[in-house]
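J.: With chain D fixed as given, assemble chains X, F and H onto it according to the hints.
In case you want the letters, here they are:
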Amino acid sequence: MDFITTLINGLSLGGIYAMIALGYTMVYGIAKMLNFAHGDIIMVGGYTIFVVLGLSGNPILATVAAIIVCVVLGVTIEKIAYKPLRGASPLAVLITAIGVSYLLQSLAQIIFGSAQKIVIVADMGTVTLGSVSISVSTLVTLGCTVLVMVVLTLFVKFTKTGRAMVAVSEDRGAAQLMGINVNRIITITFAIGSALAALAGLFYLMKSPGLTTTLGAMPGIKAFTAAVIGGIGSVPGAMLGGILLGVVECISYKITAIAPYTDAIEFSILIIILLVKPTGFLGKKRREKV
Amino acid sequence: MIRGKNIKWKDFINYAVIAVVTIIFGSLSVTGNLASSTQFLLEKMSIAILMAISLSLVVGFLGELSLGHAGFMCVGAYLGGKVAAVLAQSMGNSIVTLILSVLVGGAVAAVCGVVIGLPALRLKGDYLAIVTLAFGEIVKSIFQNTSFESFGGTLGLSTPRYDKKVLFIIGFVLVIICLAVIQNLIRSKHGRAITAIRDNEIAAKAMGINVTKYKLLAFTVSACFAGIGGVLYSWSNYTVQSSNFGYNYSIEILVMVVLGGMGNINGGILAATLITYLNTTLATVLTGDLAVLQNLVYALILIVIVIYNNSPALKSFRERYNLKALLHKIKLVKHDPMRVKDDEAVWDRVPTKIAMDEILSVDTKVRTSVAEKGDPYESEGED
Amino acid sequence: MAEYVLETKNLGISFGGLKAAQNVNISIEKGEIYGLIGPNGAGKTTIFNLLTGVYKPTTGTFMLNGENLTGLSEQAINRKGIARTFQNIRLFNNMSVIRNVMVGLHNNPEFKCTAIESMFRLPRHFASEKAMRERAKEILRIFDLEEERNNLACNLPYGKQRKLEIARALATSPKLLLLDEPAAGMNPNETAELMDTVRLIRDKFDVTVLLIEHDLKFVVGLCNRVTVLNFGTVLAQESVAEALSNPAVVEAYIGK
Amino acid sequence: MKHNTFNKITAVLMAVVMLATGCLLSACGGDKNYAANNTEFVIGMSGPLTGGAAIYGVAVKNSAQMAVDEINAAGGLNGVMFKLVATDDMHDATKVATNYANLYENGMQVSLGTVTTKPGLEWKNLSVDDNVFFLTPSASGDAIPANANGFQMCFADGNQGKVAADYINQNFAGKTIGVFYKSDDPYSAGIYQQFKANLSSSVTTVEAVFTDANTTDFSTQIDTLKDCEFIFMPIYYQPASIFMLQAKDKVAANAVYYGCDGLDGIASAEGFDINSIPQEVSMLSHFDSNATTGAAKEYIDKYVAKYGADTLNQFGASAYDCVYAIYNAMKAAYEADNSSISVTMSASELCEVLKAQFNGSFSYSGVTGQNISWDSTGYVQKTAIRYVVKPAASNEN
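Respectively, the protein sequence lines represent chains D, X, F and H.
-4 is the number of the first residue of the first sequence in our numbering; add one for each residue after it.
32 is the number of the first residue of the second sequence in our numbering; add one for each residue after it.
217 is the number of the first residue of the third sequence in our numbering; add one for each residue after it.
9 is the number of the first residue of the fourth sequence in our numbering; add one for each residue after it.
Keep in mind that the hints were calculated from the coordinates and are not lab data.
A portion of the hints provided could be inaccurate.
List of simulated lysine-lysine pairs, PhoX-like, C-alpha gap at most 25 angstroms [what the hints assert, rightly or not]:
#1 D/K279 to F/K272
#2 F/K272 to X/K155
#3 H/K40 to H/K91
Stretch-level coverage of chain X by chain F, calculated; a stretch enters the list once three of its residues show a Cβ under 8 angstroms from a Cβ in chain F [what the hints assert, rightly or not]:
#4 227 to 235
#5 324 to 332
In this text, a Cβ means the ideal position worked out from N, Cα and C, and glycines have one as well.
Only chain D is shown next, with the shape it has when bound in the complex (with noise of 0.2 angstroms):
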């Protein structure tokens, strides 16, 4: 029954990492940049739920909050960054995306203090299946990261919007060329990311109420290492990685014998797959055009 629990705790773990990594892999796949900032996002997520949920008490009122401002301040972060950057090389695209995670950072201890907060979203409960006994909220966020993806894939296979996504991955200019509007392509993958974002900042203050300025960090970190792991640009991929990468994750936690090397095994996790398969499990390989 332990490694029951044990698994669906990394199952839950695994969701929040696949959402956080489906951020990345989306910004990846069609703007072609490393979002680094992306983690912090979900830091601004959690620290709107804990200002709105303070003021109204609300945590659907939070959420929506939460998802508006990430929303709009990946956007911004998008146009005033990393637009000017398009077309320029990758390296300085990512000393940039390092750059604004910071200034989200220090901006976020200049407002609300180096202080840790704590912050209760709802309290659920845990409701007993058999021997098992789980927290409500570890099942709403599995439902939910599910439900994401399954809104997610759907959205890529059957709108417009999504098919000129896959597009604009595949061939940014030549789906230029098919009269699809780049920019506007890219602006809406930055917003449905830090919606993404903000959501993973919620079901983490579910999980676990502790909220600091470093929230994002390691899980944006290691969510990035997931979508690696599953194939950037591919969005089952990164909810593979994600889950892979929670389950592994708890399981290392829970033998107290390697629980102290956890980080470690699963960064070596990911040098060893990349070692493997360079383009991580379900990745496209690009030929060069010589």
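T.: For chains X, F and H alone, kept in the frame of chain D given last:
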């Protein structure tokens, strides 16, 4: 006179400046006229400069992003520190102990450079960045979980501290050595090969450049000096705590390199000096929540500089209003935007037209060659 | 049996189900200027990529002066003596013109100098640097680029960039030089000049040339023999005049 | 080429010469008395005034300042006032050397060391070099006072681990208890190791760890510990509060959480309502922040009036005692021999005087204990209390 008129005093001004600074402060220090706060500051500067120069080789010249530079430093600090701690028991804090620890720390870090350089052969850009980041975190985690007897565990490794009157002098001597090695490497056929890889890897391969070998070389040399920086760190601190070598420190070094200008070693040195100075003085001036402003300012500087230097839209603006053009205007230097110095590679016009896919794509070809031919490093040894 | 510089046997590659090149047999004699022509998408550049190791052939082999080079890496093949230029120019844009050529000289045994020697500025470093610089200047002089040697490569006009790419390829002292559309984008004067240059380098550098070109006048003026490719297969392999009168070739080019 | 090489050879030669002279001369150069122009006794300290551990640093700084103000208001030491200079190290060991040097060069004669252990290891060695006395309120690492001019007002980690183990040996023999600690934190891991070493073999433990990278989601750890009725958690209050919130429905409501001094501050953590936790929360401490009588009560009233209750914790109480202990020791030395203390004396001279006191029969009674004395290493000798922060909720759950 091989290069004849090509010898420019400019090429050596960085050695001269560092040497003069070291001599001035060194003589003040050894005669007991230098406050220890200044000595500490200089030690930190020499470490930061070492780190910045060594990272510059990989990021600025090879064009690969390493987010795990602090990991190499960590390896050097622990291994060099351990050697120092063991030797100091029998030999004391002598210069011999220091040199031996520097050699060991540098060598072990170089080995790690090879280890992390191997994935570099197959991964590019963002993938490589994440692997180096992972490497840094793994190193941190491993040293944190060592036993107290071996590497101090969570408390950190206790290391001897070198006489603070002299340590920064040694630090700057190491900086000069590092500068000489890396600058010499860059200004040679091997440096050309490295910059060629950055400029256009496909063309470099077609020119017979052994990409594997040069990536590995750059990673190894860079890691070696980062390790030496780590050993220096261990000598300038009583404890080596792996938590200080995290991702944030790697980013700080990266900021120095970027601020100094990609591929501009002197710029990197200046930026390292400036940031270290600001870090230490701002910390005493800004207290309370103002201290966070420091990070805010870094972040802004980073964003503004990178956008200014790289934005395709600002290209013409950049060409009109840059430092060289300005100096030309006031007749300080001859400036012709079309011409570059003989052995200069220009990085402030980093490629803007290369197709993104090309840079971002993971090199699948090397993989097939590995699969087909076994070990690629043996069959293609140059020479 | 004639001494062939390049000899391919049933060379072919397929990407998934797509057979980009099939059963390509080309034999080029020493000192020859050989043409590889065909409509767009016929697989000409694919052949170049196979011959330079960018792609590994799925079938067949190719030999340079009787030595089997199939499956070697790009850098190894270059060092064995095959150099190339690219359809879309690939210069080292952020380097000066002379440095571009010096990169080409990198593996020349005359300028041998290990990284350690360079790092510690041992005497051989200075000797080899000086010699490389002189050699690079010589090569640039042949291409009439010596004046521009300190310009950034990306600042050269288009025609000169093409020339520089050839110069850089020659710097690797190849036995076989592959030119991928060397005359693309050139005006008639430049094309004529380029034809002279190609003949000159064939004689002066003692090199065999295999070229892809759409400008048939250029091909007719330079090559004795050509291979015509269409849909990855060899359509005809004969002298230029015969090839151009071959109805299959005409059909491939202009349709029925 | 000659010119070229020559330059470099000269540069290297110069450096080598410098280096050689440096080595030769390094033995010379006298140690300056930076306190020669002092008009007040200068007490230095370094602590996390910003960052995640700021609650400790601020408490220490406020309390020490409060003590200094009181002493000055009462006339100082024979009319000479005291001055506290606090620097910020953000709980980062690399910032300590600069802080220390700045303080020392600005006349610091005696110090409170650092607030936390990690930076404290650096401070300790620096103050050995210059022979500066420190009495730390809260840097509890075992290595802090060892072979140094240092003394601790708090219990050393090892001591805390041992006391906790003793308590558990007495009360839980033959039972199973849970342990939850942070494996990459010297404080937490330090206590854990001593705890484990002193734990009787009759007690079995179930262990769960977490690391720096995993401070938010403890579901796995809670799952491991959920059947324990007694959970020892030598960790800081921030992760502890998250653990308790996540675990409140999973761990039995009659379970007991038992922490060390790091748990202090949990009752006042922002947004954390300790009463929403059904389990009992207790800790090993030398200070009861709910005290209703005695010196502790007096201190609490003064502190809350001046700085509010947000940063009220044992770190501050300990710092308050540190300043008074130093003052009392100086006063005792002065009364014994009034030439032994002067405002311009060097840190090193004062260090010898204070060491003689602290290693001698000097004892101190204050907020955090009665008749506090120190052993030869510098570890504090006083009574520890198991202090219940919040009792278990009545059985409504």
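J.: Hint by hint, note whether the structure agrees.
T.: Evaluated hints:
1. D/K279 to F/K272: Roughly 19 angstroms separates the two Cα atoms, so the pair holds.
2. F/K272 to X/K155: Holds: F/K272 and X/K155 sit about 21 angstroms apart, inside 25 angstroms.
3. H/K40 to H/K91: Roughly 21 angstroms separates the two Cα atoms, so the pair holds.
4. 227 to 235: holds (count 6)
5. 324 to 332: violated (count 0)
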